[in-house]
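A.B. asks: Next come the chains, spelled out residue by residue.
Number of protein chains: 2
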Amino acid sequence: MNAPPDIAAAEIATAQTAPPEIAALQDATDPSRFGAKAARLARLARAGVVSAPGFAIAASAAGKLVSGEAPALSRALSAAIRRLEAVRGRRLGDPSAPLLLSVRASAGEGATGAAAVLNIGATAAVEAGLAARVGLRAARDLRRRLIQSFAPPALGVDAEALEHALHARLKAAGVAEEAALDASALGALIEDYLAIVREETGAPFPEDPREQIDRALAAAARAWSGPRAKLLRAARGDDPDAGLGFVVQCMALGLGRGVSGAGFAQARCERTGAPGLSGRWLPQAQGEDAAMLLRAARPVADGPGALDPTVAEALSALLARAEAVLGDAARMEFTVEDGRVEALDAFPMPRNPRAAVRIAVDLAEAGRISRTDALLRIDPMLLIDHLHPSIDPAAPRDVIGRGLPASPGAASGPIAFSAEAAEAAAARGTRAILVRVETSPDDIRGMHAAAGVLTARGGMTSHAAVVARGIGAPCVVGVSDLRIDLAEGALVARDGRVLREGDLVTVDGAAGEAIAGAVAMIEPELTGAFATLLDWADEHRRMRVRANADTPEDARVARGFKVDGIGLCRTEHMFFDKGRITAMREMILADDEPSRRAALARLLPWQREDFVELFRIMQGMPVTIRLLDPPLHEFLPRGAREMADLAVAMGVPVTRVERRAAELEEFNPMLGKRGCRLGITLPEIYEMQCRAIFEAAVEAAQATGAPVVPEIMVPLVSTNREMLHLRASIDAVADAVRRETGAAFDYEVGCMVETPRAALRAEDIARSAEFLSFGTNDLTQMTYGLSRDDAGKFMGDYLQLGVYLSDPFQTLDVEGVGELMLIAAERGRKGRPDVTLGLCGEHGGDPVSVRFCEVAGFDYVSCSPYRAPIARLAAAQATILSGRRALTTDAA
Amino acid sequence: MNAPPDIAAAEIATAQTAPPEIAALQDATDPSRFGAKAARLARLARAGVVSAPGFAIAASAAGKLVSGEAPALSRALSAAIRRLEAVRGRRLGDPSAPLLLSVRASAGEGATGAAAVLNIGATAAVEAGLAARVGLRAARDLRRRLIQSFAPPALGVDAEALEHALHARLKAAGVAEEAALDASALGALIEDYLAIVREETGAPFPEDPREQIDRALAAAARAWSGPRAKLLRAARGDDPDAGLGFVVQCMALGLGRGVSGAGFAQARCERTGAPGLSGRWLPQAQGEDAAMLLRAARPVADGPGALDPTVAEALSALLARAEAVLGDAARMEFTVEDGRVEALDAFPMPRNPRAAVRIAVDLAEAGRISRTDALLRIDPMLLIDHLHPSIDPAAPRDVIGRGLPASPGAASGPIAFSAEAAEAAAARGTRAILVRVETSPDDIRGMHAAAGVLTARGGMTSHAAVVARGIGAPCVVGVSDLRIDLAEGALVARDGRVLREGDLVTVDGAAGEAIAGAVAMIEPELTGAFATLLDWADEHRRMRVRANADTPEDARVARGFKVDGIGLCRTEHMFFDKGRITAMREMILADDEPSRRAALARLLPWQREDFVELFRIMQGMPVTIRLLDPPLHEFLPRGAREMADLAVAMGVPVTRVERRAAELEEFNPMLGKRGCRLGITLPEIYEMQCRAIFEAAVEAAQATGAPVVPEIMVPLVSTNREMLHLRASIDAVADAVRRETGAAFDYEVGCMVETPRAALRAEDIARSAEFLSFGTNDLTQMTYGLSRDDAGKFMGDYLQLGVYLSDPFQTLDVEGVGELMLIAAERGRKGRPDVTLGLCGEHGGDPVSVRFCEVAGFDYVSCSPYRAPIARLAAAQATILSGRRALTTDAA
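Chains A and B are the protein sequences, given in the same order. Okay, so the first sequence: first residue is 19 according to my numbering, each after it adds one. Okay, so the second sequence: first residue is 19 according to my numbering, each after it adds one.
There may be inaccurate statements among the hints.
If chains are identical, the list can't say which one is meant, so a pair holds when it fits in one copy or spans any two.
Below are the DMTMM-like pairs computed for lysine to aspartate or glutamate, each with C-alpha atoms no more than 25 Å apart in a straight line [as the list claims (entries may be wrong)]: (1) K811 - E702; (2) K811 - D609; (3) K811 - E683; (4) K189 - E87; (5) K811 - E705; (6) K248 - E833; (7) K811 - D610; (8) K811 - E604; (9) K596 - E837; (10) K848 - D403; (11) K811 - E611; (12) K82 - E225; (13) K811 - E456; (14) K811 - E590.
What the hints contain is simulated information worked out from the structure, not anything from laboratory work.
Whenever a hint applies, use it, and build me the whole structure from the sequences.
C.D. replies: As structure tokens, then:
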């Protein structure tokens with residue numbers, strides 16, 4: 019069938035207007051055709067940053083060119099070369115005015131390309147011509163570099179053989195570096211190289227510049243399309259069948275007379291992001307010499323061997339333009355030839371987390387990028403660096419053991435081998451480093467008192483790790499290099515060194531290192547650019563960010579991190595204080611309900627006080643209080659002596675304590691009599707807690723004049739009948755408090771969704787719950803059938819074998835746990851269209867999980883206060899990426 | 019708008035042909051209009067079983083009749099009464115030939131109706147006429163009964179006042195029963211009654227028979243529509259607004275001359291179902307006197323006071339007809355008046371489980387009902403009674419404690435206070451009753467050796483209960499009336515009685531009773547009707563029924579119960595045997611892989627032998643073998659002494675045993691390093707097991723000549739990557755065994771779906787699993803976040819409070835766990851259209867769960883061998899009810 023005439027005409031038109039497959043560099047702006055590098059260079063060339071003339075070859079053309087199938091293309095290549103010759107006024111292979119070219123591969127961003135071939139055209143015939151321009155030594159060096167960079171990839175010559183020849187000549191000359199070889203030594207080295215080429219290939223080194231170009235292209239294309247390269251690209255998630263473009267440019271020599279050399283420069287400090295020219299350069303160098311030989315390299319500014327102020331000024335001017343082109347602080351690769359600066363390339367400069375924030379905020383404030391762009395540029399996890407002191411990278415480290423980086427930040431202090439010692443040190447005004455084989459709940463107070471925690475055993479989800487992250491203490495766990503000898507009171511390193519209680523030690527929770535002695539620190543920086551960025555995040559995010567805060571102290575920290583409320587107040591932590599724990603244990607040991615009620619009555623004022631304080635601190639923000647969750651045996655002492663002490667203190671026989679402890683013992687406490695199961699079978703406990711909450715709400719409202727609407731959360735629900743049952747008793751307590759106080763108040767009752775069944779039954783449950791808050795820690799445990807406390811026994815193996823792609827307690831398992839959450843969200847909304855949906859648990863501070871919550875349309879995430887800034891930024895990014903409307907409009 | 023003429027005409031036609039709201043009894047066959055009782059009586063009347071003429075009033079009419087709104091209805095009622103008068107040749111209120119009527123309510127089957135009013139028409143005016151027929155005493159007794167049954171409901175007279183008057187007259191006459199009152203005493207009693215009526219109502223007793231009928235109807239309708247009755251109907255799941263129909267019938271007197279009386283009779287034994295007339299009757303009685311005064315009642319046949327053979331013959335003839343009408347063995351209520359039998363009603367006779375099976379099979383074999391009907395008639399749970407000895411209901415019981423009926427059946431034997439004592443008794447040829455405070459895994463061998471188990475503590479899901487159900491041993495748990503004093507070696511009852519080791523005791527696992535001494539037993543009956551019914555079930559069911567069998571012995575038991583294969587062979591139980599446990603412990607204590615492999619190599623031949631035996635016994639039926647599941651610490655001894663013994667036996671320091679035990683300890687073993695987590699991190703274990711399976715398959719196939727296709731099941735999967743990982747290593751072992759033996763064999767690899775995540779990811783998983791078998795025990799635990807071992811601490815409270823409607827470990831939680839199973843089934847089929855779906859776990863023997871599996875289209879259920887008959891019948895019922903096709907066609 020013939021195509022209709024208009025379609026045929028369109029095809030012809032397309033063919034005629036098809037973009038050329040070889041384009042002048044400044045026209046090669048389309049990365050999908052020419053590759054990311056060519057496109058970037060094109061933009062830099064258009065802005066006058068990159069001035070060396072050049073052209074780009076499209077990925078679609080390279081294959082055809084190499085195979086020789088397209089004579090028209092080959093002719094176009096020749097024409098492009100001729101244009102460069104015309105612009106530069108030099109010609110390839112012209113003995114009097116020789117032109118040198120470079121050939122670089124241009125693939126997708128981040129793709130590993132073939133190495134560049136430099137100095138194409140530096141043939142034997144042009145040595146004199148080059149020498150006339152840059153001197154004989156430099157001329158020979160250019161030719162040596164050509165052979166060295168060209169022969170292995172293009173001719174298949176053994177790179178090591180060339181390397182051997184070079185080293186032999188260095189040895190003969192008695193020098194250490196190529197730069198110290200003189201012209202005659204270089205001449206001899208070139209002869210060595212040529213001999214190796216002849217011997218290995220059976221042919222002389224190709225001296226035709228055009229052949230050099232063709233063979234360089236062919237070699238790069240061959241390497242690119244080899245099976246190993248394809249596999250590598252596939253493994254990185256890139257398209258294995260992607261094409262490879264090229265950039266051909268006139269060489270800036272960097273060798274020869276006057277100030278000549280090569281290096282890199284940037285206009286900002288990579289540590290702080292503050293403005294100021296920095297970088298490194300090497301005289302008489304080309305390409306990446308400066309970056310590869312950092313020891314020998316000199317600073318571009320401010321220091322011995324710095325570039326002339328005029329050269330530096332030229333660099334600064336080019337960098338400013340590059341920053342404008344890239345929309346980001348740039349690192350520029352440059353060459354200086356006889357005092358004239360030429361930029362080879364410029365790309366976003368490397369930077370540490372603090373610099374990244376400063377640069378993004380600076381650029382947005384300067385109007386170079388939008389605030390949205392600034393927010394999207396920062397990986398939220400990088401903010402951790404701002405939130406904790408970190409070790410000065412310049413400071414020397416005496417590392418005595420390596421373990422897992424369990425909680426970020428760094429801290430120095432005297433060793434404390436027990437929680438008591440850490441508390442005693444704190445009482446004396448010194449914050450110690452708590453060093454333990456492993457920690458247990460008994461150590462919590464000591465962990466709070468310590469500046470940092472170090473354990474010899476345990477994994478990323480061990481007790482020490484979890485608690486340390488929660489309280490924001492730097493922590494390193496599983497340091498198997500260290501042996502803790504409690505009998506001797508000694509910490510013994512693998513090298514035999516012994517540290518004793520009180521000796522100074524440093525933990526680097528970011529690197530997972532234990533360091534002897536104190537190390538210089540960089541203090542956290544929560545103001546300036548960090549604060550500005552988070553203010554912007556708050557303007558852009560839709561989701562609320564709450565904190566998990568159990569005590570008034572936690573709540574104050576949370577306020578400092580500008581959260582929108584408390585998403586999880588675990589009331590049980592309030593019971594561990596001295597005095598309180600006694601009443602709690604009396605309650606547990608009581609034989610009947612009246613005795614339990616009497617003990618609970620003593621706990622009531624304490625709970626109420628805590629809640630009043632919480633409500634005051636949070637000033638009307640939402641506060642979600644979870645009713646008692648852990649099994650009662652967690653409140654009893656474990657050891658025989660502690661039980662005896664308790665019996666004496668309570669005035670009961672020790673057998674009674676032991677019997678009760680035995681009765682309460684459980685095979686699987688995680689799945690036992692806890693949460694609402696306690697609340698239903700011992701109703702007086704939740705009644706006391708709800709009374710404390712309501713009385714505190716009345717008191718705080720009267721004190722501040724602002725109403726308090728407490729949110730009461732029921733833990734471990736698995737059926738709506740549990741909710742209905744407890745809701746009735748909560749409502750009854752509220753009615754009683756209203757009657758007794760004569761005060762009106764509102765409250766909400768919600769369900770902590772942490773069993774798979776609660777997720778599946780969310781429609782029913784939402785009918786009796788104003789909010790559903792996903793306790794993703796437990797939900798993950800039950801969905802996987804995996805105890806977080808025990809997972810350490812095989813988590814390492816699982817991650818290493820790739821059975822788990824990530825630790826599901828660190829990053830939300832979107833496929834399993836996430837699906838249950840989506841099911842629950844959908845059903846919950848069916849049961850109650852305006853149900854509030856939130857996530858509490860460690861995942862609330864994980865950006866991937868926050869993004870998931872945004873997509874699921876949750877109302878808030880709640881996490882450790884120390885993670886709140888991360889969650890705020892992650893929430894803003896999630897809102898921006900989802901195209902949803904923010905909480906407030908963008909003020910930018 | 020006017021209705022189109024044809025519609026109006028249709029309406030008129032409908033009105034004209036509307037069924038009469040008052041119908042002759044034999045025409046009232048529609049239970050939805052006249053109620054179940056009327057409909058049954060109508061069918062019995064048509065068949066000539068019930069001969070007393072009568073009529074029925076539809077539920078729709080009763081209300082209108084009572085309110086007097088429908089004069090036409092009232093006229094129809096009068097006409098119906100006139101028809102009865104004409105048939106009987108007597109008239110209501112006619113002094114010479116008085117007619118007596120009864121009024122009974124007729125509601126839905128099983129609904130509690132108002133009591134019947136008898137002898138309507140026995141007014142003062144007809145006393146002489148009645149006396150002429152039945153004598154003066156009987157005539158007065160009829161009138162007394164009328165007043166006594168009519169005055170309280172219809173006139174609101176206090177029934178107790180009438181009762182007092184009766185007792186006063188009995189006392190005055192110096193007799194114990196009404197039957198002993200003579201005519202004059204009855205006359206005085208009637209005067210007493212009339213005085214009470216006058217005093218309480220302010221009006222004389224209504225002597226107009228028609229008024230009596232109207233007021234009886236009104237009273238019943240009033241009671242029926244009262245709020246309490248409605249609530250009661252709603253609570254029973256009946257329609258609270260359902261109407262109430264009535265049956266009005268001529269009275270059969272049962273009093274008077276000749277053989278007169280009333281009673282009930284049935285043509286079969288209610289204990290065995292064997293044919294033979296039985297029943298009870300009372301002379302000079304009416305209605306339910308015989309049922310209510312059983313002590314005074316006489317047998318209808320074979321015994322002192324039995325009815326004349328001619329009367330008995332008449333009864334048998336009527337019963338045969340009633341059985342034909344009801345399609346079931348009947349109990350008949352009858353009256354005899356002067357030797358003439360009249361049936362009042364007949365309904366399916368009460369029967370115990372064994373009789374139920376016998377009757378259903380007899381009826382089907384006689385062609386009275388279809389085999390399908392026979393199958394649907396038997397509650398599968400009733401079969402339990404056939405599977406175990408039970409206590410003779412006639413035997414006296416000396417109950418010393420009551421607990422929970424944890425495992426059905428009954429057993430007597432000498433008390434053994436330890437597993438060792440039970441084993442020793444078994445060695446001597448005596449099966450003991452193992453009496454423990456609670457049992458633990460250490461007691462399992464003792465439980466196997468014992469005839470029954472009795473524990474003072476624990477619930478329906480305690481270790482003792484679960485194990486006992488699994489091995490089919492009668493068991494009573496939680497007998498808190500009993501105190502076990504191990505120091506004294508005594509079992510102390512609440513009444514102070516002391517039983518010592520060796521004393522005889524009996525457990526009744528069906529009633530939950532502990533009984534002193536031995537009691538007469540009825541042996542199980544697995545042949546005859548039981549076997550026939552199960553053969554029919556096998557013809558009708560679609561689903562396969564497999565057994566959970568861990569050992570060759572279990573497999574033999576399972577074959578006896580005619581299962582279709584083994585659905586779950588837990589290989590770990592094979593490791594607890596002497597010798598094996600030592601090798602197992604060596605493997606656990608080994609420090610490196612080679613030592614582990616050496617220990618496993620010693621276990622290999624044992625495992626292989628067991629598997630060969632299993633395969634031989636199962637003769638080519640499918641056998642699903644689950645790879646090692648429990649955490650390794652379960653194989654180590656617990657106590658200090660046992661650890662020391664182990665250390666000595668292994669020749670290692672005890673500290674090494676202790677250290678390893680401490681390392682393996684877990685917070686939540688249920689959610690720890692077990693199942694495939696073990697298999698992946700210690701691959702040599704599963705490799706050994708798979709090798710044993712494959713080598714056994716080859717050996718068994720060579721020995722029997724029939725191919726063996728083992729099904730290997732991977733436990734505790736939560737992600738498909740676990741399946742992929744293990745599948746690769748299983749396939750590698752299979753290849754190795756094929757190479758080594760030169761034998762070809764097939765096998766299947768499947769996933770035990772017991773984590774919620776495995777259910778959610780079933781599509782992926784099914785791509786690498788030929789079958790999915792739901793481990794509903796663990797799946798329930800994880801879906802609820804509920805440890806079965808710990809649930810006992812609150813399960814009782816939860817069931818009592820109605821928070822759980824049933825124990826989810828007994829009856830599948832269809833709403834939560836069931837939904838996960840449906841999700842998994844759907845997704846599993848998407849991943850592999852022909853994936854085999856099964857259920858293993860205790861739910862496999864629960865009829866409700868079996869029905870769920872049928873609806874979900876599962877291929878099989880697998881349960882304890884002792885539950886297999888229940889599952890076979892339940893599966894047949896499920897297939898019939900779902901309308902699916904059976905495995906084989908119905909041979910009936």
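A.B. asks: Each of the hints needs a verdict: does it hold here or not?
C.D. replies: Against the structure, the hints come out as follows:
no.	hint	in the structure
1	K811 - E702	between (39 Å within a copy, 17 Å between copies)
2	K811 - D609	between (39 Å within a copy, 16 Å between copies)
3	K811 - E683	both (23 Å within a copy, 10 Å between copies)
4	K189 - E87	neither (48 Å within a copy, 128 Å between copies)
5	K811 - E705	between (40 Å within a copy, 21 Å between copies)
6	K248 - E833	neither (29 Å within a copy, 49 Å between copies)
7	K811 - D610	between (41 Å within a copy, 16 Å between copies)
8	K811 - E604	between (36 Å within a copy, 20 Å between copies)
9	K596 - E837	neither (43 Å within a copy, 47 Å between copies)
10	K848 - D403	neither (42 Å within a copy, 46 Å between copies)
11	K811 - E611	between (41 Å within a copy, 17 Å between copies)
12	K82 - E225	within (24 Å within a copy, 119 Å between copies)
13	K811 - E456	within (14 Å within a copy, 31 Å between copies)
14	K811 - E590	between (28 Å within a copy, 21 Å between copies)
The structure fails hints 4, 6, 9 and 10 (numbered hints given earlier, in ascending order).
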